[in-house]
Amino acid sequence: MNSPGMTSARTKPAPLNKKDTRETPDLSVEIAGYRFKNPIWTASGTCGYGEELDTVFDLNRLGAIVTKSITRQPRPGHPPPRCSEESGGMLNAIGLANVGVDNYIAEKLSFLDGYRIGVIVNVAGFSFQEYIEVCSMLADCPRADMIELNISCPNISSGGIEFGDNAKEVERVVSAVKKVFPRPIIPKLSPNVTDIAEIARGAEAGGADAISLINTLIGMTVNIETRRPTLSNNRGGLSGPAIKPIALSMVNRVYESVRVPVIGIGGAMNCRDVIEFMLCGASAVQLGTALFLQPDLPVIVERELKKYLKKQKLDTVTELIGKLEKY
Amino acid sequence: MNSPGMTSARTKPAPLNKKDTRETPDLSVEIAGYRFKNPIWTASGTCGYGEELDTVFDLNRLGAIVTKSITRQPRPGHPPPRCSEESGGMLNAIGLANVGVDNYIAEKLSFLDGYRIGVIVNVAGFSFQEYIEVCSMLADCPRADMIELNISCPNISSGGIEFGDNAKEVERVVSAVKKVFPRPIIPKLSPNVTDIAEIARGAEAGGADAISLINTLIGMTVNIETRRPTLSNNRGGLSGPAIKPIALSMVNRVYESVRVPVIGIGGAMNCRDVIEFMLCGASAVQLGTALFLQPDLPVIVERELKKYLKKQKLDTVTELIGKLEKY
Amino acid sequence: MKPIISHEVFLTSRRDLKNDHLLLGFGPFPGAASIKPGQFVHIGFRNPLAFYRRAFSIAGVNTVKREIEIILKVIGRGSYQLSQLRAGEGVNFLGPLGNPFVLPGKRQTALMVAGGVGYPPLLFLAMHMIERGYDPKNIVFFYGGRSSEDIVDRARIRKLGVRFLPATQNGSFGERGMITALLKRFLSTPGTAGSGENVIFACGPEGLLEAVDRIAAEFETPGQLALEAPMPCGFGICLGCVVPLKSGGFARVCKEGPVFDTGTLAL
Amino acid sequence: MKPIISHEVFLTSRRDLKNDHLLLGFGPFPGAASIKPGQFVHIGFRNPLAFYRRAFSIAGVNTVKREIEIILKVIGRGSYQLSQLRAGEGVNFLGPLGNPFVLPGKRQTALMVAGGVGYPPLLFLAMHMIERGYDPKNIVFFYGGRSSEDIVDRARIRKLGVRFLPATQNGSFGERGMITALLKRFLSTPGTAGSGENVIFACGPEGLLEAVDRIAAEFETPGQLALEAPMPCGFGICLGCVVPLKSGGFARVCKEGPVFDTGTLAL
Ligand SMILES: Cc1cc2nc3c(=O)[nH]c(=O)nc-3n(C[C@H](O)[C@H](O)[C@H](O)COP(=O)(O)OP(=O)(O)OC[C@H]3O[C@@H](n4cnc5c(N)ncnc54)[C@H](O)[C@@H]3O)c2cc1C
Ligand SMILES: Cc1cc2nc3c(=O)[nH]c(=O)nc-3n(C[C@H](O)[C@H](O)[C@H](O)COP(=O)(O)OP(=O)(O)OC[C@H]3O[C@@H](n4cnc5c(N)ncnc54)[C@H](O)[C@@H]3O)c2cc1C
Ligand SMILES: Cc1cc2nc3c(=O)[nH]c(=O)nc-3n(C[C@H](O)[C@H](O)[C@H](O)COP(=O)(O)O)c2cc1C
Ligand SMILES: Cc1cc2nc3c(=O)[nH]c(=O)nc-3n(C[C@H](O)[C@H](O)[C@H](O)COP(=O)(O)O)c2cc1C
Ligand code: FES
Ligand code: FES
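Note that the protein sequences, when read in sequence, are chains A, B, C and D. Under the numbering used here, the first residue of the first sequence carries the number 1, and numbering increases by one thereafter. Under the numbering used here, the first residue of the second sequence carries the number 328, and numbering increases by one thereafter. Under the numbering used here, the first residue of the third sequence carries the number 655, and numbering increases by one thereafter. Under the numbering used here, the first residue of the fourth sequence carries the number 922, and numbering increases by one thereafter.
Any given hint could turn out to be false.
Covered stretches of chain B (chain A as the covering partner; in silico rule of three or more C-beta atoms under 8 angstroms from a C-beta of chain A) [stated by the list, open to error]:
id	region
1	362-370
2	639-653
Computed list of chain C residues with no C-beta within reach of chain B, every gap over 10 angstroms [stated by the list, open to error]:
id	residue
3	S660
4	Q735
5	N746
6	L748
7	K813
8	E829
9	P844
10	V896
11	K909
Worth flagging that the hints you see were computed from the coordinates, not collected in a lab. By construction, the Cβ of each residue, glycine as well, lies at the ideal position given by its N, Cα and C atoms.
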């Protein structure tokens, strides 16, 4: 595996005999046969394609970046207002605005070439065909270390029901893209379901190498002066600290329901939150909305995570994963 | 109908020829053939059986009180910690602590006798039989104007899946209690489902006279020092302003999917929020967690609601219901 | 049921005690005169930094000015926000809430056992008793902390004329060791208890209350414990602040407490 | 890409302008010297009352003291929290962000059109130009509001020596009517425009910007509009602050703006 900053473990995990030369505490985590220098990632749609964030801190400090969802064709996204400020969070209906996979490969992916971080390309689609096309185009891009599959998209051909709402559909789409993309696939689950564990098992059955969750919760608010929704799309996705308890609960459910690694997402605002996610079972944690408020948060979390591990006398961050002591 | 403070409309709505003597703006709303003096209700589990709240403000100011869930037998509830403070809300796992229906009828319901407000008795159960038993015991209590059916309870006999997770189950339990309770039944929906509209249609098919939503969202948080969940029950229900956008979206979905009135619940903290719920389709709004922070909130909302209606030159609060202008 | 007063009050005085402790006065509070030691107020802010209100024991009342005092240690969001209040700024007081301490007989010796920031309700209790003609010599004020820093407000305690028995875990002030060890030694030493029987009043961290509960049983001494618990509502409607009872079931700290008799709780 | 500075700064000065307007100075800000009119800072609080940061146009810089000034009107949570800051208290500045105004030619006449609390970046623009040797007489400062109250900071504007043309909707100060009507009349009156061509710079409510955009087209006058939009991030990563373009698609107000040429936006 030739992506800089990561050690392939397709054949077998890289020999860890250099353990003594590693920093203590060791923040690195292994996911789907790859070693990431730390479990602090950025979430799709909250870090663009990386350029802007790199002006705030050196992206090399990240374990991985998950880039904004891309689709087959460029999409302008929804008209404004696209976002609305809420108690403890925000609603967004950006509308999957993105440059399209061609431009992404030509212009955006190359920007990340020089960085020694994991590059996880988030892919969205409105049909099976679209997912397959985009993923197969990425197959030949070595810098696309993994794909995160955004399945919180309406499946146009099945009447607009979201892919992520149904375990069988999730299994089908995951196994389809597994055939065209040779590296790990991480389906990203929607929280707007009755039984997240069932969906996760569907993803695993389809061949998911890891599972990330949660995407945003469907929400709406109203401007009582104009009587209109606060978003042009009427509904949007709720993110931020408001959803953290929901995310933690779902991460823990999924951790207990599948064998593949889990990536935690949802309202993490500081190092304590990252630790909560890891204790609930996350092998890595994506910072999302928090980046809007504190763009250099990943660097701060890295520093505080080391402090916490030292205080807890733990040598490696992996000792946190799933170590919740339930009642 | 002999409950004080309300006009029965079982036969036909009370003649409204006294309209001119009504206050302007008129806050009264009609739901399931009953007229409530205003749409400001208190939510089950957040106002006890009414006694404590009555020491803060005169309960007669309410449109209705929805009392704490009762079950067949008294329940002590879960051991502490039962609640945890979160960003923009709280988690609770009280564990349906209640005095049991016998004591409820003997001691608690009578306290509300003198009040000219709607009394809605929230009933929970762990089996069909339990719901039916409790509801039929309440049939003979005229002060129990309506029953709100808390279907966010695990159905022990079907392996613990919640009643509220499945439209068919909801239909079954609603139609069963309709047979034993002669007055309106309001199923209270759980938000932890893929398709709230489907559940609502199930409730309507079962004969629901109105539908209330939402109950709390399942969540969990962790104390990173002790590595234990913050609740003895591990998981709990998230309430408060954090969930308001989710609640509004679901209320609006249900409003558009059924013909019976909808009662909005979830994170309403002030008059603006109450108006948002009504614009989304709620005929009444229950104040829940907000009562912990500001116990006299109902009185304040009543005053501000009148002001808003005057400013908007509306004669009656019913003109708000569902008047959202979607994009 | 007694009415719960929800009342806008304003910061009227502020004194920095050491080690991040603050004494804050608020008024006007119409019900001030009827407040009893052990009761608390649940404080709400217009723009709260935290979600819940925050409960504080009443640490004193000025019935003439109709003011209430609280003593707090700055720990997290709620206490920080209080510490940032400026003179004249308002907060909402819900209270007085909870059941007060039951006063001892005039000839009994009151053994007050304070741990850290648990001392304010006991200080109020001592002042209250003395105002009502109790002999300060019949009050023994045990006050424990980790180090000298934790034992604040010493001058006011001494001024009361009570017997002041501090202890710190590192020995930097008073006796070295746990305050409960000192209590135990006191109860074991014949003669020290004064003429009457003893009654224990305790407030402090969980460990302290547990130990006092055990000691009270061991020495067959009646006692009252003032508990703390996270309080979503503070006045009995949420059932969120419960503590398990020895007799089974639970009691609400805010409503059946915060003062409980020793021997009744399953600590 | 230029680095975005995330920097703790402290309140150094505060002046109450009338009608709930405040002038606040913050420092030290290392990059102060290179800041240009039209740019803004995105302000974060340690314990924010609102969820988003809040964006404020830079209203002036003191390059010697390395301080930045903003002018705000107290409206909701964010501006309220700023108004409550005490001298020496810190906030986080993310910035300078956004693209500045493009300065006019020295012989052009700058028609600055300010609506309400849109005046700060234009005031800064005028000061900046004058410092750089522009003739104040070539600056016309249109400043509109509902009533006299809304036209704050008059003394500073007058002191610049620019032509000051205020208008209020109720006629209580300056001309009666919309400021854009005044602009239109100005452009229609032969001779008033001075020797060179005109360039319009506008900042204010949506209606004002729309009107200016139309007027600029009508009089074939180049112009620049400084926009506002709710800004979740302020530096281009969320795509939340977009404005539709005439050419189709959207532009980010925080990144491609906040200054846009007239004629480019689908307002
Ligand atoms: C009846 C009663 C009387 C009190 N009297 C005083 C007093 O006189 N002086 C004083 O300084 N403090 C007192 N406290 C504690 C006080 O309410 C706050 O918990 C304390 O100030 C820390 O809050 P914070 O917001 O600063 O810290 P944070 O750490 O931000 O908040 C405390 C958090 O911990 C939870 N919590 C955990 N354990 C407790 C506990 N034992 N009590 C309350 N909350 C807890 C709270 O729900 C909250 O979420 C009292 C508490 C109660 C219940
Ligand atoms: C580039 C830029 C420059 C600005 N410069 C100034 C300035 O110099 N002086 C000044 O007083 N204000 C300025 N503002 C507006 C300022 O950011 C705040 O919106 C304003 O202070 C009100 O915020 P609040 O929290 O007090 O009010 P609130 O009503 O509590 O919050 C405003 C809310 O409305 C939303 N919103 C709706 N319309 C807008 C809008 N047009 N701009 C921003 N937010 C909006 C916000 O997202 C937020 O949720 C500027 C805004 C931007 C984007
Ligand atoms: C403005 C915005 C845009 C987003 N865009 C995407 C996206 O394109 N694809 C995706 O999978 N998730 C997207 N998300 C969801 C986030 O990646 C994340 O799952 C969610 O916000 C919850 O995490 P948070 O609370 O930490 O933000 C977006 C979120 C926000 C706030
Ligand atoms: C402490 C607590 C206890 C509750 N108990 C019940 C209950 O017994 N039965 C029920 O149907 N809902 C119960 N609820 C849910 C509320 O009635 C309401 O549906 C939910 O809290 C969302 O509204 P809110 O955000 O306004 O609180 C409880 C909520 C809280 C916070
Ligand atoms: S805090 Fe709500 S019952 Fe005690
Ligand atoms: S505010 Fe996020 S892109 Fe402009």
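### Query
Going back to the hint list, which numbers does this structure go against?
1, 3, 5, 6, 10 and 11
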